[in-house]
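Based on the hints, put chain H in the right spot on chain G.
Protein sequence lines, in the order shown, are assigned to chains G and H. Here this note's numbering is used: the first sequence runs in plain steps of one and ends on residue 247. Here this note's numbering is used: the second sequence runs in plain steps of one and ends on residue 114.
Bear in mind the hints are in silico, worked out from the structure with no lab data behind them. Built from N, CA and C at the ideal position, the CB exists for glycine as well. Treat the hints with care, as some may be off.
[Stated by the list, open to error] Distance ranges between label pairs, derived from CB positions:
hint, chain 1, residue 1, chain 2, residue 2, range
1, H, Thr7, G, Pro240, 26 to 32 angstroms
2, G, Thr221, H, Thr99, 39 to 45 angstroms
3, H, Ser71, G, Phe145, 24 to 30 angstroms
[Unchecked claim] These stretches of chain H come out as covered by chain G in the derived footprint (C-beta under 8 angstroms, 3 or more residues):
hint, stretch
4, 44 to 55
5, 63 to 75
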Amino acid sequence: NAGVTQTPKFQVLKTGQSMTLQCAQDMNHNSMYWYRQDPGMGLRLIYYSASEGTTDKGEVPNGYNVSRLNKREFSLRLESAAPSQTSVYFCASSEHQQETQYFGPGTRLLVL
Amino acid sequence: KQEVTQIPAALSVPEGENLVLNCSFTDSAIYNLQWFRQDPGKGLTSLLLIQSSQREQTSGRLNASLDKSSGRSTLYIAASQPGDSATYLCAVSTSGTYKYIFGTGTRLKVLA
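In isolation and in its complexed conformation, chain G is listed as follows (with noise of 0.2 angstroms):
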């Protein structure tokens, strides 16, 4: 079993363009989160997917959206980079809400 697997690893961004992160976990999870992590602000909660076909705004959910492509893929969606959106970017699922969450290696952010 991969787990939670995040693609890419790094990317760097003008500001202004789009990009997507993907998101796929393959332990039949069914809730889904989006997370960012930033020096001296802890992990703060972007979305989350309770279950396939639901989701929900989290505590930063401004200048992203979020797509629940199925019960295993999960997509983060920046349509305007900011710079303010640098960050390192996890996803996380469990098999229901406030259960054991595991979570992918991460995608390095950096917006110029």
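Only chain H this time, still in chain G's reference frame:
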């Protein structure tokens, strides 16, 4: 609004020492609490999950305790080893929100 604090931010100990990491939270109406480990440049790995009805959980040399009334959790690491060097984060799920709030972590260095 739930806030999670971890003090100290960094800790260095000699190999073999028993140590305690602290996590405090402001809203005692929690559903569960998780402790994670994060190695530099990597994702998070779940170590222990404590349900709100539990007082402690153990896994190998790790023991996590929970005192909801005082808003505190501790992670006890017995006989520390250099391989335990990492950042340890706690995350709290508040009843009714189904979201985890993370602390900023304690960076642990175990010296050989």
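Tested hints:
At about 27 angstroms, the CB distance of H/Thr7 to G/Pro240 agrees with the hint of 26 to 32 angstroms. The supplied range of 39 to 45 angstroms is broken by G/Thr221 and H/Thr99, whose beta-carbon atoms lie about 28 angstroms from each other. At roughly 45 angstroms, the beta carbons of H/Ser71 and G/Phe145 sit outside the given window of 24 to 30 angstroms. Check result for the stretch 44 to 55 of chain H against chain G: holds, 6 residues qualifying (beta carbon to beta carbon below 8 angstroms, three or more required).
Judged by the Cβ-Cβ criterion of 8 angstroms, the stretch 63 to 75 of chain H is not covered by chain G as claimed, because only 0 of its residues qualify and three are needed.
When each numbered hint is compared with the structure, violations occur for hints 2, 3 and 5.
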